[in-house]
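**Q** Residue numbers (our numbering), protein chains in the order written: chain A, 1 to 346; chain B, 347 to 692; chain C, 693 to 1038; chain D, 1039 to 1384.
It is possible that some hints are incorrect.
[Said to hold, decoys possible] Straight line, CA to CA, 27 Å or less: simulated DSS-like cross-link-like pairs of lysine-lysine: (1) A/K291 with D/K1293; (2) C/K962 with B/K401; (3) C/K958 with B/K386; (4) C/K947 with D/K1293.
[As the list claims (entries may be wrong)] Cβ pair distances, simulated, as ranges: (5) A/K110 with D/K1313: 37 to 43 Å; (6) C/F973 with B/N570: 28 to 34 Å; (7) D/N1120 with B/N381: 30 to 36 Å; (8) B/T387 with C/M693: 48 to 54 Å.
[Claimed, not checked] Facing chain C, according to a computed beta carbon distance under 10 Å, are these residues of chain A, among others: (9) M1; (10) D167; (11) Y198; (12) S199; (13) Y202; (14) N224; (15) L226; (16) S229; (17) F231; (18) P241; (19) S256.
These are computed hints drawn from the structure, not numbers from a lab. Yeah, the Cβ is synthetic: ideal placement off N, Cα and C, and Gly gets one too.
Protein chains: 4
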Amino acid sequence: MKNIAIIGAGGFTGQELIRILASRPDVRLRKITSNEYAGKTLLEIFPALAVGEIKHLVFENHPENSESLKSMDFVFLATPDNVSMYWANALHGTGVKVIDISGAFRLKDKAVWEKFYGMEHTAFPLMDSAIYGLTEKYREQIKNASLIANPGCYPSSVLLPFYFLRDFLELFEESIIIDSKSGTSGAGGRKEKDSLGYSTVYENFRAYRIEAHQHQPEMEQEINNLSGSRFKVRFTPHLLPVFRGIYTVAYMKPKSLPAVDMSKIKNTVKAYLDKEPFVRFYDNPNDLQLKNVQNTNFADFSLHLDVHAGVFILLSVVDNLRKGAAGSAVQNMNIMMGAPETMGLL
Amino acid sequence: MKNIAIIGAGGFTGQELIRILASRPDVRLRKITSNEYAGKTLLEIFPALAVGEIKHLVFENHPENSESLKSMDFVFLATPDNVSMYWANALHGTGVKVIDISGAFRLKDKAVWEKFYGMEHTAFPLMDSAIYGLTEKYREQIKNASLIANPGCYPSSVLLPFYFLRDFLELFEESIIIDSKSGTSGAGGRKEKDSLGYSTVYENFRAYRIEAHQHQPEMEQEINNLSGSRFKVRFTPHLLPVFRGIYTVAYMKPKSLPAVDMSKIKNTVKAYLDKEPFVRFYDNPNDLQLKNVQNTNFADFSLHLDVHAGVFILLSVVDNLRKGAAGSAVQNMNIMMGAPETMGLL
Amino acid sequence: MKNIAIIGAGGFTGQELIRILASRPDVRLRKITSNEYAGKTLLEIFPALAVGEIKHLVFENHPENSESLKSMDFVFLATPDNVSMYWANALHGTGVKVIDISGAFRLKDKAVWEKFYGMEHTAFPLMDSAIYGLTEKYREQIKNASLIANPGCYPSSVLLPFYFLRDFLELFEESIIIDSKSGTSGAGGRKEKDSLGYSTVYENFRAYRIEAHQHQPEMEQEINNLSGSRFKVRFTPHLLPVFRGIYTVAYMKPKSLPAVDMSKIKNTVKAYLDKEPFVRFYDNPNDLQLKNVQNTNFADFSLHLDVHAGVFILLSVVDNLRKGAAGSAVQNMNIMMGAPETMGLL
Amino acid sequence: MKNIAIIGAGGFTGQELIRILASRPDVRLRKITSNEYAGKTLLEIFPALAVGEIKHLVFENHPENSESLKSMDFVFLATPDNVSMYWANALHGTGVKVIDISGAFRLKDKAVWEKFYGMEHTAFPLMDSAIYGLTEKYREQIKNASLIANPGCYPSSVLLPFYFLRDFLELFEESIIIDSKSGTSGAGGRKEKDSLGYSTVYENFRAYRIEAHQHQPEMEQEINNLSGSRFKVRFTPHLLPVFRGIYTVAYMKPKSLPAVDMSKIKNTVKAYLDKEPFVRFYDNPNDLQLKNVQNTNFADFSLHLDVHAGVFILLSVVDNLRKGAAGSAVQNMNIMMGAPETMGLL
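Work the whole structure out from these sequences, hints included.
**A** This is how it looks when you write it as structure tokens:
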């Protein structure tokens, strides 16, 4: 029986972690913290999640120090970047395994991190030991990791397909265009709160932060260690009037159109996916839709070559709160604790 | 006082035409036809449109021949492509001005038309006299036209900005990527009816018909007569869970990055737009959103250069039922009848 | 040409007033105030409303005193209750006609007002001269009024049908049950702002403030001056996941079922409505829906007698921002300035 | 290991049954039938449900006779009323336990059934052995039942609270007003398919079938065996622009206001609920909302007495696909097979 704490359990990702973990027999949710909801029970705050004994669990204030967390096996950080830095540091060396769902430990280049996150990185030495939690790519390293930097939601939708396309990346020119659309639960943090009112989002659609988004260097970093090529990622995120789900279309220009053998690419991808429980390939790109992955840990993708215009197209969907956040975080926990990787996720 | 008939007045475009024309003092809606609603009044079928005397107007069956239409000054065809072919032919030479909102007369190449529309074109000789109704580009020809091929909704969102960018198209490589997202009123015709149920569309998002969409050659045709370059358009349409509005992002690769002088481009565009009542340029691309144009005849756009990835980006929004269909149709009618171009549209 | 100011032009009601008044030739919007948007143009803040010359109108801070308002013919107060009290007082005796869309002057009983609005009424002497702006009922008094207390949105949906049922109210027992459902633009003021986020409203539905809502005494006051009976109103408001529209179902128990002659009631209602431009009666209650009145000044209603359970049912719909606020405010202005009552509203 | 078949597995209720049953270790989904999807796998039709081995399950055509169903332990009928009659008859006496989610066996009065369902009842002799599947009320009879008539979605939202209020029903007059609002997944069957398009439902709200709905006699039948009183139910259903959830408000008039002791009523209700896993009481009626029960088997309710108007109010919410259909069906199956009642539902 593993003991688990969730710091920042009041947000969308925290709720999703609770939903996934609530009914597992092999882990126990010991501590959920939220300064906003401190003193209230799960039943009072999230009645739809209040199943079984867990409904009497009481939200606590964030702890003052790491003392009360040392008896945990896993601490999930569903916190802002600066808060995650603090806790990762505080728990370092205690033997408690930390799964950070913020962006604090995702970029290996300190200058790039500080530029895109707009603050100083106060725990950068930990970056060396942080394993990027793209499970399908880093399974082996995750097994013994003490600090997981869980991938961002947009990068999850991009990097999973790219990982299975790795053998073919040399075929394309260096500019990769990523056009992503996200539900409101993924697109907004505190900073965008004012723009997420019902009357602003409903019956609307818009791109946002197209000049600079911190998920752009994250994608670029991870794509660029897949092959010998150096890609430049153009990233355009949009806000969909839905609650959950990310739909990504990536466009790449083949260096040589005849060299792109779609049949070979698809067969290779399918062979790679044979043993993957959560990543699915669709032959028909028109079959991809948010509904197919919402509330699941699946990542679906498809490929298409536009011979007329000379453009290679990748379409992909994930649930930003599941495979793009809490789902993959639990998948990583499963690996770290030696449980079946799909436990609680199917 | 101009007499007006709308053939196919029961669909979304027909309704929008009624909404725009209902309260004008200088035109009179004489005939609205719909086999589905024949015998019912406007008040019974569309209570929200039933203002003033027009509410007693009775839907008629589509006429058997053109006899009853000959007293009209304008006939709007809000009909499927094959039906539009029939009526354009039947009214040819009668002096009645026809504004066709279907795709029947938009492509100058018969083989391309028949390939993308999947049928024989039975009225192709009329194509010579059909004027493509992109008002801002073809104002002069529209004045005396007898048959207008009103632009498609997606092409409207693309071609208006491109027209004002025409001086700079030589700067870019030949592949243009168009990633468009449309509300349900624009994305679906009869053929997709089954996929437009509430439970399919709500909280969902998907691309559709990415292999071939008839608006792709329409865009390509009109972009390719703007400059000496020959562009290839890659077009990816998506279905948004909203009712009206199209959001388009176009990506182009500069032949030489330093040659793209954004300041000069923006100034040129702004100068062109100085006298345009409906096309608006935004300096900040993050300001573009569907809400800014819904229920209006505006077409908004913005530009951004991603220096890092070497990609030029155009963002644009229109209301698919207004500037993308009924609004521009009325704008064209205004020009043809010598009324102020903005009459009924501001 | 009448000069008009809107105090509080940045909210939903203010926007709707601008939308309705923008293109009228007989009035001119001289001043729009909003502390939030001061210094910005209409084009910058509400691009969809920025039609014609009005787009260059600049939002001002709320004025410090009434001096700059004295040249106005009409001042609309789209402000919170306490702000409306201030301005109604400040403009009293200046000859400027005031149309107040807040609740400040709707209740004739000071104690009831102060109980339901939770504050002291600092301008109660003006209540004597305030005319309740339910146009169809108070047309004559409105003509020469200097201060209009425009009805609340929920009461509009209830009182219009009740006014046309006034000859039959004696048939019913004293308890009237009003079960209303409103879009978010009507249900929320500043106080409920936190509960109107997209993730809270979408795919949700709930009643709110069922113990006490200030529209309950407003309905009761106006129903009780229609007949000799003294009714007690039970009011249950709900929040719909839509932007605009109110759907009300009222239930009444007949004192004697046989005495309720539905045919006679309907004929009387229809006769009354014969000359009403905005109130419409539907024979089939299943035909009532929000879509029929959204973005219009119509108020639709229908009646049904459940013989089995002995319950009389009234169903009604209005657009809370039009007939329930800005639309009826302009209808009242039309009467006060001698313009056709439907001017700008059809 | 129990063997299970779902006849009519392609609809919303069928999907929900699959979702609930998919990962249970003690039951096996052996057969799912759907003439529409025959030959396709679960993975192809409902990718979000395609977890584990079940994803390869192939939809079959409805069987020609009961032969292939005789090896089943349970057959769920998620079929239209007339189809359910056929299968209940065909499986009668085979030992296979049938859980019918249609309305075929819910009314004990043949004439009333035929009037409200508009067809002849061809299997009425089975009605005697059919147990109405309101679990909390009929637990004992359900244990050994061979045919369960699972309650309708609206009745579930009404009858659960009424069952726990049974000691106090004598306090009220005979007319009960039920004002219910349902998401589209519950309100529509095949017959209303045309009215459930996205453009009809979104941003809309309406009552429907207010003259006669087959759930009205179902509620009346079950309320009237709770006490000595004979109640008459007035039922008004509405269509919400959400996918799942039912919100019901019931209004009753106390015979004597002072006799209604809210404190005593609430305490009695709470005591009854002490051991109920799925029915929850809220002290504050404003806390009730669809979000609290969506995707769960909970039924939440609250009570309020309006002393001013003399009206007793009951508010209740259920998920129409869970506690209102598939959830309670599985709850009943659990009881019939001797499994913990909450198995798979928490």
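**Q** Next, verify each hint and record whether it holds.
**A** Tested hints:
1. A/K291 with D/K1293: It is violated: about 50 Å lies between the C-alpha atoms, which goes past 27 Å.
2. C/K962 with B/K401: Since the Cα atoms of C/K962 and B/K401 sit roughly 17 Å apart, the hinted pair holds (cutoff 27 Å).
3. C/K958 with B/K386: Distance of about 22 Å is within 27 Å: holds.
4. C/K947 with D/K1293: holds, 15 Å
5. A/K110 with D/K1313: 37 to 43 Å: Hint violated: Cβ distance 58 Å, outside 37 to 43 Å.
6. C/F973 with B/N570: 28 to 34 Å: Since C/F973 and B/N570 have Cβ atoms about 57 Å apart, the given range 28 to 34 Å is violated.
7. D/N1120 with B/N381: 30 to 36 Å: holds, 32 Å
8. B/T387 with C/M693: 48 to 54 Å: This hint is violated: roughly 37 Å between Cβ atoms.
9. M1: It is violated, given that the least Cβ distance between A/M1 and chain C is near 33 Å, above 10 Å.
10. D167: violated, 40 Å
11. Y198: Since chain C brings a Cβ to about 4 Å from A/Y198, closer than 10 Å, the hint holds.
12. S199: holds, 6 Å
13. Y202: holds, 6 Å
14. N224: Where the cut-off is 10 Å and the nearest Cβ of chain C is about 35 Å from A/N224, the hint is violated.
15. L226: violated, 35 Å
16. S229: With a closest approach of 39 Å, the A/S229 hint is violated.
17. F231: Hint on A/F231: violated, closest Cβ of chain C at ~34 Å, above 10 Å.
18. P241: holds, 7 Å
19. S256: This interface hint is violated because 45 Å lies over the 10 Å limit.
Comparing the model with each numbered hint stated earlier shows that hints 1, 5, 6, 8, 9, 10, 14, 15, 16, 17, 19 do not hold.
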